[in-house]
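Q: These are the residues of each chain, in order.
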Amino acid sequence: MPDVTQTLDASGLACPMPVVRTRQAIDQLASGEVLEVISTDRGSLQDIPAWAQSTGNRLVEQNDGGDRFTFLIEKA
Amino acid sequence: MEDDGVERMTIVAWSGELDKVWPQYILATTGAAYGMEVTLFCTFWGLFTLKRPEVKVTGDNWMTKMLGTVNNERLSHLNFGGAGPKMMKSIAKRHKVAPPSELIETARELGVKLAPCQMTMDLMGLKREDLIDGIEEPLGAAAAMSNMQRSKINLFI
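Chains as they are written, first to last, in the working numbering: chain P, 1 to 76; chain V, 77 to 233.
What the hints contain is simulated information worked out from the structure, not anything from laboratory work. For each residue, glycine too, the CB sits at the ideal point set by N, CA and C. Keep in mind that a hint or two might mislead.
[Claimed, not checked] Here are the computed lysine-lysine pairs in the DSSO-like style, where the Cα-Cα straight-line distance is at most 27 Å: (1) LYS228(V) with LYS132(V); (2) LYS203(V) with LYS96(V); (3) LYS165(V) with LYS75(P); (4) LYS132(V) with LYS165(V); (5) LYS75(P) with LYS189(V); (6) LYS132(V) with LYS172(V).
[To be verified] Part of the chain V face toward chain P, derived, beta carbon under 7 Å: (7) THR105; (8) PHE156; (9) VAL173; (10) SER177.
Start from the sequences and build out the full structure, keeping to the hints where you can.
A: Here it is as structure tokens:
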């Protein structure tokens, strides 16, 4: 597992805020650094990977914890 | 047209109904999160989201005076004379959906261009100072068209 540079806890936020906050958090990182995102919004399972793919950031890992979802994103 | 490598999205925000204002701002903020330059062209009822809350539309004739009574937060369906939006807002709160006011604030934070329609302002008797700060200069259909021409995604909501 890569080293996490920063964690964004987006728990309790609904669409579109997990993706919006992810964008704002990743803007603060340098290329190659890894952002961990925690979300409780089930839509994030589709949204975060779609966003990562479209923006060129690499989704390193994603985890479906049932009601808690975590993602590791490496900044492009 | 020259390609400057910027991806653009334009949303013609026409409706002021709560259940349309939501998608206007949800898609605008999401587009910004995708790194797009997003313009929200606020026209007709969609202009009301840019109005300072304390400003009442008074105008100089009975029609614009009547506009002052516009309730901008009605629902297109199940309005029930205003009970619907209240219910919708409380359900949204329970599901942690950000209210329009918060999404508008987020849109501004993300650099979404909020562009008021000059013609609508004239029609409704609204001046630049009646609108919130941090928005674009009022523009018309041609400027909006130029934006749309350069946009990959164009929506009318």
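Q: Now look at each hint and say whether the structure bears it out.
A: Outcome of the hint check:
1. LYS228(V) with LYS132(V): Since the Cα atoms of LYS228(V) and LYS132(V) sit roughly 37 Å apart, the hinted pair is violated (cutoff 27 Å).
2. LYS203(V) with LYS96(V): holds, 24 Å
3. LYS165(V) with LYS75(P): violated, 36 Å
4. LYS132(V) with LYS165(V): holds, 23 Å
5. LYS75(P) with LYS189(V): holds, 26 Å
6. LYS132(V) with LYS172(V): violated, 30 Å
7. THR105: holds, 5 Å
8. PHE156: This interface hint is violated because 24 Å lies over the 7 Å limit.
9. VAL173: Holds. Min distance 5 Å.
10. SER177: This interface hint is violated because 14 Å lies over the 7 Å limit.
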